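Trainee: On the provided structure of chain A, position chain B as indicated by the hints.
So the protein sequences, as listed, match chains A and B.
When we follow our numbering, the leftmost residue of the first sequence carries the number 1, and every step to the right adds one.
When we follow our numbering, the leftmost residue of the second sequence carries the number 1, and every step to the right adds one.
These are calculated hints, taken from the structure and not from any lab test.
Only a predicted model underlies this, so the values are computations on that prediction, with no experimental measurement involved.
Heads up, a few of these hints could be off.
Derived DSS-like pairs: lysine-lysine, alpha-carbon spacing no greater than 25 Å straight-line [unchecked claim]:
id	chain 1	residue 1	chain 2	residue 2
1	A	K151	B	K229
2	A	K132	B	K385
3	B	K229	A	K109
4	A	K132	B	K87
5	B	K385	A	K53
6	B	K385	A	K130
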Amino acid sequence: MVIEVSNLVKRYGDRIALDHFNLNVAKGEIFGLLGPNGSGKTTAINCILALLKYDKGSIRVLGTDMTPDAYEVKRRIGVVMQNVAVFEDLTVQENIQYFCGLYIPEKQKRDTLVQEAIAFTGLEDYVKTKPKKLSGGLLRRLNIACGIAHKPQLIILDEPTVAVDPQSRSNILEGIRRLNREGTSVLYTSHYMEEIEQICTKIAIMDQGRVIALGTKEELKSMIKTGEKISVEIQGLAPEYLASIRALPHVERVQYDKDRLEIHCSGGRHNLIEVLHDLSEKNLSFGRVYSEPPTLNDVFLEITGKQLRD
Amino acid sequence: MSVFNTSMKILRSKLPILLIYVVVIVMVSILMMAAMGSQENVSDTFEQKGCAITVINRDLGGKLSEGLEEFLFRTNQKVSIDDDKEKLQDALYYENTAYILLIPEGFSEAFLAGEEVFLSKTTLPDSIESYYVDMQIDQYLNAVRLYMQAGIKNTEEILEFVSADLDSSANAEIIVSENPNSDDSQLHIFYFNYLSYSMLALMILGISTILISFHQKDLYRRNLCAPIKLIRMNGELILGISVFAGACYFILIGCGLALHWEKLWDFKLLSLLCLNFLVFSIVCVGIGFLTGVFVRSYNVQSAVANVVTLSMSFLCGVFVPQSIMSASVLKFSQFLPAYWYVKANHLIGSLSDISLEQLKAILGCLGIELLFAAALFAAALAISKKKRFMDCL
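The shape of chain A in the complex, shown without the other chains:
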């Protein structure tokens, strides 16, 4: 295990931020920590990095107890914070040199690593640019370059794609996958379920300071009743028809709002055909039809009764 957290408790006065929080990240994993804002993800990361004192529990990183003076462990960790942490007065290259210099004392080796980090994040055209002249996406890439330049064994990324355009987000996610392929273990936090689904090999869903579900995305989705969500664009649907749709086999939940009918079904191979057949029988004309497999939001919704982005 590269990270072992057991029974971590962190309180801010009367408010409990981490409530017997447990986490195990295996070597070579991209571990996703998913949860809504305020669920305790960043607090957990700060405790793991020994930036915050905690009330109870234990944290081991790369086989060593994590403390503020665990410098040998810190040397093997890369950190990309939620907020961009760079020097405004330094250029892109100088910023990466600074952070790499904190880990790698040898100048020659450091210079090589800095160039590799610049190439990795695609910042070659901006080496002499100061951060305030970079776009949000480029700034995030610089933040990542500063965190990974020293080629760590473990990278902790805390919501690295907040306020990033889709293209930059895609580049960042691809970069993380590439790092993982090169042997780096990753702990990735986000409240964007799509990102977590896209890159993580194992996922923990957090709410109110606790891990409420853990597993691969397939394992998580199989935990819930919802197997498929069918959406149909249909106008003026009378309430009695909703009752007949609810009576169909495998239908768990039906919602009709703003000319959109949403049918949540449990497992079953022919749910869509059965719904369409029923609508045709009743001579109801409908527009576009969508069928979606369950998402992590459905998992979260079913476990907590609220949306991930509530």
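Mentor: Positioned in the frame of chain A, the structure of chain B alone reads:
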């Protein structure tokens, strides 16, 4: 040495702003030299000087009035104008003459007879020279009256005695002191006083720039994730600040010496002034440190730099001499370190010879400056520690 190198790079990015304060001191010293150059021919001999006067003598044939006229023209320039009211007024208006004395008809006879007589005068408004002419007239007539009271009756004899008396002069030697408040020491004091303004501005801007950068909450936390001990990081920061302060100290003194070597080079005076400036530089580092701990934005930083440097310079006698400042302002200024720095500079400037008593007064000022520095560092450290504690909750 990543932290040290980065602190130097941060300062380099602020170099244009920092250089302004070096240019200010250079320009001020050049202007001061130019102003002093125009006063360079200070005489070490005394020469009596007079003013342009006109005497309208209506007492024709009067021996006393002729004697008075002759006496006045010995030291004053004679301006001849006709006895015409309009012409006399024009002469005064165009400042062709500064003093018009009108001796009335029968003046000599009446004066020598002991009667009350009056001389009338017209002068330029607020003319200082006119007082000297008044004094000369009083001096002459009093001397005549003295001989008359002594019982001498012969007018010619009296006028001869008076003329001889007023002609006599005593020799006096003018000694120009080598040191106290000479022009050279004035330049020293002025230059070193002004250095405090530049040094204070440089330290506030430079040190707070470094500290604001490194103490940004996110950056500070990011640094804590790195495998570098906090003590080492702080050590490198202190080294960076010390190198910057040292460089500013030598550059500011060096600029003065390079530009005005001949005027400023006086080993005894210079070494004491440099010592005082070194102590004040430590105070400036303390103020810069405190500003860096308090301020978290570059906009606020430049506002603080301007307010602190200008107010301290005005209140403590950097721009305006302490000697012309009111007692109440000076009383308040004593709570500011620049007051003691300026005071020490003046004490050093007025040293004719180094004595224990004089050194005690100077060292007292330096001691107070050091106490200010200690208080500033203690306050900055306490606030810094409290802020970090709050961040780690």
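Trainee: If a hint holds in the structure, say so; if it does not, say that too.
Mentor: Verification of the hints:
no.: 1; hint: A:K151 x B:K229; result: holds, 20 Å
no.: 2; hint: A:K132 x B:K385; result: violated, 30 Å
no.: 3; hint: B:K229 x A:K109; result: holds, 22 Å
no.: 4; hint: A:K132 x B:K87; result: violated, 77 Å
no.: 5; hint: B:K385 x A:K53; result: holds, 16 Å
no.: 6; hint: B:K385 x A:K130; result: violated, 31 Å
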